[in-house]
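The task is simple: from the sequences and hints, build the whole structure.
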Amino acid sequence: MHPELAVSGTATQDASRVQVREEAFVSVIVPVVDRKDDLLTVYREFEAELRSRSLEYEFIFVFDGGFTSPPEDLVELSHATRELRIIQFERTFGESAALRAGVEHSRGNLIATVPAYFQVRPEGIHALLDELLESTVDLIVTRRAPRADGWWNRLQSRAFHCVVNKLSGFTFRDMGCGLRLMRREIAESLPVYGDLHRFIPAIAVREGYRVKEVDVPQHPLDARRRVYRPGVYVRRLLDIIAFFFLAKFTDKPLRFFGLVGLFLSATGALIGCIVLIQRLAGQGIANRPMLLLSVLLFTLGAQVLGLGLIGEIIVHLRSQQRSAYKVRDTT
Amino acid sequence: MSNRTDLHLSVVVPLYDEVNNVSPLTDWILESLADYEGQFEVLLVDDGSSDGTWEAIRRAAAVEGVRGIRLGRNVGQTAAMMAGFDQSRGRVVVSLDGDLQNDPRDISALVEKLEEGHDLVCGWRRRRQDRALLRRLPSWCANHIIRWLTGVPIRDNGCSLKAYRRDLLDRLALYADQHRFIPALAASYGARIVELPVRHHPRRSGRSKYGLSRTGKVLIDLATLKMVTAFRLRPLAAFGAAAFVLFVIALLFLSGWFVAVIAFTQAKAESLVFPGASLLLAGAGFYLLMLGLLGEVALRSNLGRAGDAPFVKEL
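If you read the sequences in order, they're chains A and B.
Residue numbering for the first sequence is 1 to 331, as defined by this note's numbering.
Residue numbering for the second sequence is 1 to 315, as defined by this note's numbering.
Please keep in mind that the hints were generated in silico from the structure rather than gathered at the bench.
The reader is advised that the hints may include incorrect statements.
Stated by the list, open to error - Covered stretches of chain B, as calculated for chain A (at least 3 residues, CB under 8 Å):
#, segment
1, 51 to 63
2, 83 to 90
3, 270 to 276
4, 288 to 300
Unchecked claim - List time: in silico DSS-like cross-link candidates among lysine-lysine, alpha-carbon distance up to 27 Å:
#, chain 1, residue 1, chain 2, residue 2
5, A, Lys-166, B, Lys-217
6, B, Lys-217, A, Lys-326
7, A, Lys-166, A, Lys-248
Even for Gly, the Cβ is constructed at its ideal location relative to N, Cα and C.
As structure tokens, then:
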């Protein structure tokens, strides 16, 4: 690889423009986690697109344990091809872990994620590559457009994004699209685990990275109606709550627990005052459940406050290791 | 950073949507430091502005000794200040606001005071030029509460114009709007703190980013402040004290019930409200004790970093 120097001419130089631009080396990570089509076709189609460009590339298929084992034809091909590697988890770890493992085993300076099923048309990847190589964007996510889905798929997607965007203030329209392209640095540093892979673009923005959404054509086979078990919808809702909570209160847990705790305690104290006034007015209180309610609310509030304070201690103890900012440019 | 000690002074200025103030402020700082003896740098931090502040900073950074950094997104004053502290190289760091309300001519006085043997010199806006009702009154209340809560005798916690020694900054890890509590946090590490009256000017351009809406947050943050300054290294003590209070109230309810039983007040003795309340309180007290133990676990598993080390003075 011959590093090629691209220097802008201005006197005060923008760090992002004065960069040593190496040859692009794209590591394509395919997490095979809960949905898959013919993987050999997925590989062949995307490989053909990448081969048409003058860049280095490699494919890493990550198989989650307990879902499916790598198909024979793919394994055989991986022995014969240097650009294809396969990783297998021993047990189920999920998509976030699969993406992480893929990044760890990759060598490219650009990381692409590709769905293990026919979701978008493979030629869509050119739009991403062009965009990332030309601009200073850190992460490019995609939106399936034009979209061939029926009303049901659109409705659930619309509802999901509406809630997330409302809570977070972002405007992503298709976070479920698995085709993404990013610089290695961001792939290594994004705090993505558990079910948070669904929120990758939103998390990247929060971390201070530049994110862009581009349109790619949807694969016709992706448009079949998706109806999940009710449990899946509940889990999705919990994901959203977790994401929102973490985004807002990771640094200051007491602002959440404190508010809830204070509200409970204050209500308890208020009821207690009323009971006390009635006692002074001569009514007996020993047989009144109101008193129990007051004590219950007060103690509950104290417990919630206590939880928040423990949270604050933990955050404070970790504060030396974390930084809440990311430097984008220097002069 | 290896070349940190080459520089004597870093002036750190966080800026958020202050496009019209960048150039006058930089000129003013450079002018005030014209006869400064040591080497210095001015570090302008763009906190994700959207009004062209970064372009203004890049123009200002054409001058020798002025640097700029731009953050990925708007992260708030505390994190922007931390970014500036982390990136600065001076042995002494002075922070000031980007709105021209602090006077850079006070910088050398602050540094001199620091050299007298302090770790932190806080500016004190003796004649504050802000609106009385919306800015000065809440601030007056907050300062009194902080002083009462922490016992650190600082009259103006909110003034951004401060001078820090590097080894204090190495210990301070601020997050989540803690810039208001710098003196209290610094004191909890054993820093020597002093206050110095500074000039203050009315805002000329741009608008203030603060209003009354933050009051509730500040009140809750004060509870955090007390917790981390007083009980950072002994969480069980705080939770134990709270649990003790609950146990005492539980005991009062229980004795009230006993009195009823002994006095053979049939109806009252049969009622379960008092013993019930007593049990609830005792249960909550027990729960708080458990939380305190959890706090000790959290503490133990994070112990042993440089940041915990208190300041020592060699005699």
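Here's how the hints hold up against the structure:
no. : hint                  : verdict
1   : 51 to 63              : holds (count 6)
2   : 83 to 90              : holds (count 3)
3   : 270 to 276            : holds (count 4)
4   : 288 to 300            : holds (count 6)
5   : A/Lys-166 / B/Lys-217 : holds (22 Å)
6   : B/Lys-217 / A/Lys-326 : holds (25 Å)
7   : A/Lys-166 / A/Lys-248 : holds (13 Å)
Of the numbered hints stated above, none is contradicted by the structure.
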